[in-house]
Amino acid sequence: MVIIYFNNEQKEDLQFLQELSFEVGSKIVQVSIDFFKGNYNPKLLQNVSTKLNLPQLKVERCVYALSYLFTESSKLSLSKSDFLESVNAISPTKEIEECLLESYQKNREEMRRILSEMSLKLPSIDSLQWRLDVQISSRRTSNEAKPVYLLKLKTSDNRTVWFQADYNELESMTNQLEIALKESKSQHYKRIKKYIK
Amino acid sequence: MELSKTNLNSLSLLKKIPKSVHQELLSLVFGVLLQQVDETEIEKSQTLKQIDSTLLKEVYSGLITIIIQAIKANLNEKSLAHFLKDTNSPTEFVGLLSTAYGKTFQKIRETHLETTGFYLKRLISINWRMDYIIKSNKIEQIDKPVYFIDLNLQKKDGQIEKLKFSCDTNQLQDLVTTLKDAVLAKKTQK
Numbered sequence: 001m002v003i004i005y006f007n008n009e010q011k012e013d014l015q016f017l018q019e020l021s022f023e024v025g026s027k028i029v030q031v032s033i034d035f036f037k038g039n040y041n042p043k044l045l046q047n048v049s050t051k052l053n054l055p056q057l058k059v060e061r062c063v064y065a066l067s068y069l070f071t072e073s074s075k076l077s078l079s080k081s082d083f084l085e086s087v088n089a090i091s092p093t094k095e096i097e098e099c100l101l102e103s104y105q106k107n108r109e110e111m112r113r114i115l116s117e118m119s120l121k122l123p124s125i126d127s128l129q130w131r132l133d134v135q136i137s138s139r140r141t142s143n144e145a146k147p148v149y150l151l152k153l154k155t156s157d158n159r160t161v162w163f164q165a166d167y168n169e170l171e172s173m174t175n176q177l178e179i180a181l182k183e184s185k186s187q188h189y190k191r192i193k194k195y196i197k
Numbered sequence: 001m002e003l004s005k006t007n008l009n010s011l012s013l014l015k016k017i018p019k020s021v022h023q024e025l026l027s028l029v030f031g032v033l034l035q036q037v038d039e040t041e042i043e044k045s046q047t048l049k050q051i052d053s054t055l056l057k058e059v060y061s062g063l064i065t066i067i068i069q070a071i072k073a074n075l076n077e078k079s080l081a082h083f084l085k086d087t088n089s090p091t092e093f094v095g096l097l098s099t100a101y102g103k104t105f106q107k108i109r110e111t112h113l114e115t116t117g118f119y120l121k122r123l124i125s126i127n128w129r130m131d132y133i134i135k136s137n138k139i140e141q142i143d144k145p146v147y148f149i150d151l152n153l154q155k156k157d158g159q160i161e162k163l164k165f166s167c168d169t170n171q172l173q174d175l176v177t178t179l180k181d182a183v184l185a186k187k188t189q190k
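As given, the protein sequences belong to chains A and R, one line each in that order. Here the UniProt record's numbering is used: the first residue of the first sequence is 1, the next is one more, and so on. Here the UniProt record's numbering is used: the first residue of the second sequence is 1, the next is one more, and so on.
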């Protein structure tokens, strides 16, 4: 059982939710979800606070604390009960609790996707294009018929690499990668996967 | 190295350009060759505005031609300086030009000439590694396999460049399918 711990400041910021009506509270929760997804608009915060007649600083801090709640719970993939336990720390009303849980469950997958984009990773492969040519002659040789592969590899950091390979190299590359792929179906991999779970 | 008379003359025309402008002209020329600067910058430059535009055009095109021909002929810094001594150009300029040439020779060769030429890097070997991602500081319970692929490519001068990328199982499957098609294409042709 995994629970999120809030420090005192965050607890205070979240207690603020209690003082509000359900509608107002749910609006603030929505703002914090958008905030997490990257739609951070300080003007929006200003508008929301003036419309709801609340001190802007308190609203802002509440939004930050809620974002922390959603970030951590998505990161740890909290189950429903764990989420509710964590939220209990601020003893919310039943309605606020439900509103938070609903927002969490609805947006969890997307938040996890955003978090994994932000994680450490090497550039990944976008596409590989190939063309088979026959080299007929060059400055040093003539009247030959050598098959040559031209390859264009694009990676996710927008790099494009051109290279050539002859048939043997390409075949050995294909064989190696097939072996790599078979590894994902091997016994050893399945064992590891089971043990780590 | 073959150069037309006009090109060779262009260097002697440099005598008509004040020395203070030489450095600016040179950095613009190399900037254009390295594709870092657009040619329009030459018109925009304040220092170069004082020079007659026909004169500037002749000198600029002469410089570009000489540098590219020198790179094509694989001249090093000293050979270029030696060659330029016979062209009646101001000695100080020859010095500046040769130094800049020496520094940027490799890079210009790579960016310009090798991509328009016909020698591509050759694939020599491939290395791969399979990892199982457990968690990161941003997200936990990832539980997915990832492949790291390392390609060794050899350039014309023998230097080896490593190309690294990652992919997940689906991408690797696509890659293997594409490669198998490529290999099959040759088998069916012969």
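Honestly, I wouldn't trust all of these hints.
[What the hints assert, rightly or not] Which bits of chain A does chain R cover? Going by a derived footprint, with three or more residues having C-beta under 8 Å, they are: (1) 14-27; (2) 47-59; (3) 89-98; (4) 147-155; (5) 170-176.
Calculated from the structure, these hints are not laboratory results. We put the CB at the ideal spot given by N, CA and C, even for glycine.
Checking against the hints above, which ones are violated?
Going through the list in order, the structure violates hints 1, 2, 3 and respects the others.
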